[in-house]
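With chain U held as given, fit chain G onto it using these hints.
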Amino acid sequence: MTLTGRILVLVSTRSLDQVPAGAALVVHAVDGPPALVRRLAELGIRRSAVVTPMHRTAGGGRVIDVAGSRIALAVSVLRSIHTEPQG
Amino acid sequence: MTPETATSTLPADTTRGLAAANCHEDGSAPQAPAGARVVALAGAPNVGKSTLFNALTGARRTVGNWPGTTVEVGRGAWALPGEQVSLVDLPGAYSLDPMSPDEELTRDLLLAADPAARPGAVVVIASAAHLARSLYLVAQVRETTLPVVVVLTMIDVAARRGIEIDTAALERALGCPVVSVDPRRRRGHEDLDRVVLAALDAGPATPRVDPARVRVQPCGCRGCTADAPCSCCPHDLVEPALDGEHTAYELERADERFAWIERAVTAGVTARADVRQTWTDRIDRWVTAPVIGPLIFLAVMWAVFQVTTVVAAPLQDGLDQLVSGPVSAAVSAGLGAIGLGGGLIEGFLVNGLIAGVGMVLTFVPLMGLMFLLIAVLEDSGYMARAAVVTDRLMGRLGLPGRAFLPLVVGFGCNVPAISATRILPNARHRILTSLLVPFTSCSARLTVFVLLATTFFPERAGTVVFAMYLTSILLVVLIGLLLRSTLWRAVGADPLVIDLPPYQRPTARLSLSVMWLRLKGFLRTAGGIIVATVCVVWLLQMIPGGGGGTFGAVPVEDSLYAAVSRFVAPVLAPAGFGDWQAVSALVVGFIAKEAVISSWAQTYALAEPASERQPGALGQHLLATFESSSGGHAGVAVVAFMVFLLAYTPCVATISAQKREIGVRWTALGLVLGLVVAWVLAVLVFQVGRLIW
Chain U
1 MTLTGRILVL VSTRSLDQVP AGAALVVHAV DGPPALVRRL AELGIRRSAV VTPMHRTAGG
61 GRVIDVAGSR IALAVSVLRS IHTEPQG
Chain G
1 MTPETATSTL PADTTRGLAA ANCHEDGSAP QAPAGARVVA LAGAPNVGKS TLFNALTGAR
61 RTVGNWPGTT VEVGRGAWAL PGEQVSLVDL PGAYSLDPMS PDEELTRDLL LAADPAARPG
121 AVVVIASAAH LARSLYLVAQ VRETTLPVVV VLTMIDVAAR RGIEIDTAAL ERALGCPVVS
181 VDPRRRRGHE DLDRVVLAAL DAGPATPRVD PARVRVQPCG CRGCTADAPC SCCPHDLVEP
241 ALDGEHTAYE LERADERFAW IERAVTAGVT ARADVRQTWT DRIDRWVTAP VIGPLIFLAV
301 MWAVFQVTTV VAAPLQDGLD QLVSGPVSAA VSAGLGAIGL GGGLIEGFLV NGLIAGVGMV
361 LTFVPLMGLM FLLIAVLEDS GYMARAAVVT DRLMGRLGLP GRAFLPLVVG FGCNVPAISA
421 TRILPNARHR ILTSLLVPFT SCSARLTVFV LLATTFFPER AGTVVFAMYL TSILLVVLIG
481 LLLRSTLWRA VGADPLVIDL PPYQRPTARL SLSVMWLRLK GFLRTAGGII VATVCVVWLL
541 QMIPGGGGGT FGAVPVEDSL YAAVSRFVAP VLAPAGFGDW QAVSALVVGF IAKEAVISSW
601 AQTYALAEPA SERQPGALGQ HLLATFESSS GGHAGVAVVA FMVFLLAYTP CVATISAQKR
661 EIGVRWTALG LVLGLVVAWV LAVLVFQVGR LIW
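From first to last, the protein sequence lines are chains U and G. Heads up: the first sequence is residues 1 to 87, going by my numbering. Heads up: the second sequence is residues 1 to 693, going by my numbering.
Derived from the structure by calculation, the hints contain no laboratory data. Keep in mind that a hint or two might mislead.
[What the hints assert, rightly or not] Quick partial rundown of chain G residues pointing at chain U, CB under 10 angstroms, derived from the structure: (1) Ser-127; (2) His-130; (3) Asp-255; (4) Phe-258; (5) Ala-289; (6) Ala-387.
Quick reminder that beta carbons are idealized off the backbone N, C-alpha and C, glycines included.
Same shape as in the complex, but just chain U (with noise of 0.2 angstroms):
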């Protein structure tokens, strides 16, 4: 992604940790190692899915729902995803 690309995403996107719980947000892009990249879109957080953050957990996480399932990640995880309001 150009520096450009990359700034628009940080302007127009918030990441996973700092969304309230409850809303369907759409994944705009994840950041990160690939070897992190390729392990969340596996478990389907990967651009365009729909999420829903849901409770904080120990340690600065939070709980997501990704079509119906629930997963939990580590509050750096959350920092790279970012995330658009549905719709």
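Frame of chain U; chain G shown alone:
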């Protein structure tokens, strides 16, 4: 049907394929006849693979409601109509792009270099509740010529979530048969038998992607040295090379697979759009919450150990009294009746063999209860939550939250805990966790702590034992920090990404089956060691140690056993227990902690106490020994002794497991580390303690 299954660890040469998957073949376990067709069971973690495997083969593999339960390959005979095939249970994998050794094993065995060694069909288990996630593996396997059968599990969970699956439509979209089964209740097996047999008979499948359209990459598969396209592996599925072009190609392929999955899900699945709060969510709000979650975790762990020790105690006492009383007396009387009483044979049988077997028996209730409670926790789904609440603590040690799971298992027994480190993707995390596991206080050490605490601190025995557990946790943290700041400064923890399975009511059959499997494993490994150790100790006590006497007629203090212990004793004098009788227990404890109390009983030529809570004459002897060796500071010396016992080598079986998992070099380092830490701490406790106590 087979009552057993054989398991294998990561084979050194996985290119031999599934036919060679059993490097630890259990000769007693019936397997499919030689030449039988092979069916592989694959799927994402925690979709019920091992439960289905057990149901199909009658085997009893460990199952649990948390990711990473299967870290080894299991194989058993599966009776299809008119034919017995060999069913291979592979470790859970979301895809054929491995991120951990167990996933790598799955990939290597499915894509074995030798086509003759590949399975005749692959049964991919997919959770109906998380279908899209389960289908990535299907997408990849369907790119090969392996015949695929998709098995849908957790239909009931999916239905509760408002998910309905049109099996026929899904079958058309995936281009392979789809069957619904309920392995926990053994439903749908007949359909599965029929479909798998048909898939085997049909032979190689047509790949869903035209091979001509798959761009061939320079070979990047592990163990292959070709720098150009080779014929040993399907290049579409090998590890991506690190160049940007290849990575872009891999992403393109992944996008194609996800699009294929989306089409299949759209065709075959009807799901409710809204996210409903389930009772699992409501429980998780508390169980994984920032402050309450860790407190609940501590309470659960405390309850496990409390129930284990309190409930098991009367059973242990009863068994021990039975063996040391009526059974020993009957054997002595029987030997006396045939003229063999009072001699070497009676000594060996009663003080060696029966004492050893009796000790193993007393462990059965303790270990059985512990394994049962852990199985219930696993089956309920709580273990995944425990990994969430401990993630931050583990992160401080440079370990991912998942590393907590082997460490918890270590409080039951260190040997399976070392094997459980395979769920960690990073090799350094596995080594670090394997080095920390021996500092978790296994249940075998618990019996010695209870005996010593009851003897020396009768009013505060419970507190002392609890303090030993806290010391164990503290040691894990401190040693972890030490190793991280010295050997692993550059290694960070993988961030937490864990699937939280819905809670489910544990089934008695499954929990008891897991308990029995683990108990049998314990009895097989530890039982043999304990009986052998007790017999060897008895033998050493019969051999003169240079102070006169003849074989079988030498006082214990003049035996070879005492001589060996006396040789080691001066090293431990600064810790306040440089007495050969105290040290002898540590020498035996190096082999197995389970044999410490019985070896003391042999050392003092006493009957083993009826219970570690009623030390009786053995307690009096121990008091005198520690009083004398510590110069009047018996209490401090015994605390130093317990700290030493906690920190040094758990047992030879653990060393053997470490050698298998992390190699000789790291095992040797762990051995030295344990001995050094144990000695330094014991000396520190005694030298400081005697100044203030």
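Each hint tested on the structure:
{"no.": "1", "hint": "Ser-127", "result": "9 angstroms, holds"}
{"no.": "2", "hint": "His-130", "result": "5 angstroms, holds"}
{"no.": "3", "hint": "Asp-255", "result": "9 angstroms, holds"}
{"no.": "4", "hint": "Phe-258", "result": "7 angstroms, holds"}
{"no.": "5", "hint": "Ala-289", "result": "7 angstroms, holds"}
{"no.": "6", "hint": "Ala-387", "result": "8 angstroms, holds"}
When held up to the earlier numbered hints, the structure conflicts with none and fits them all.
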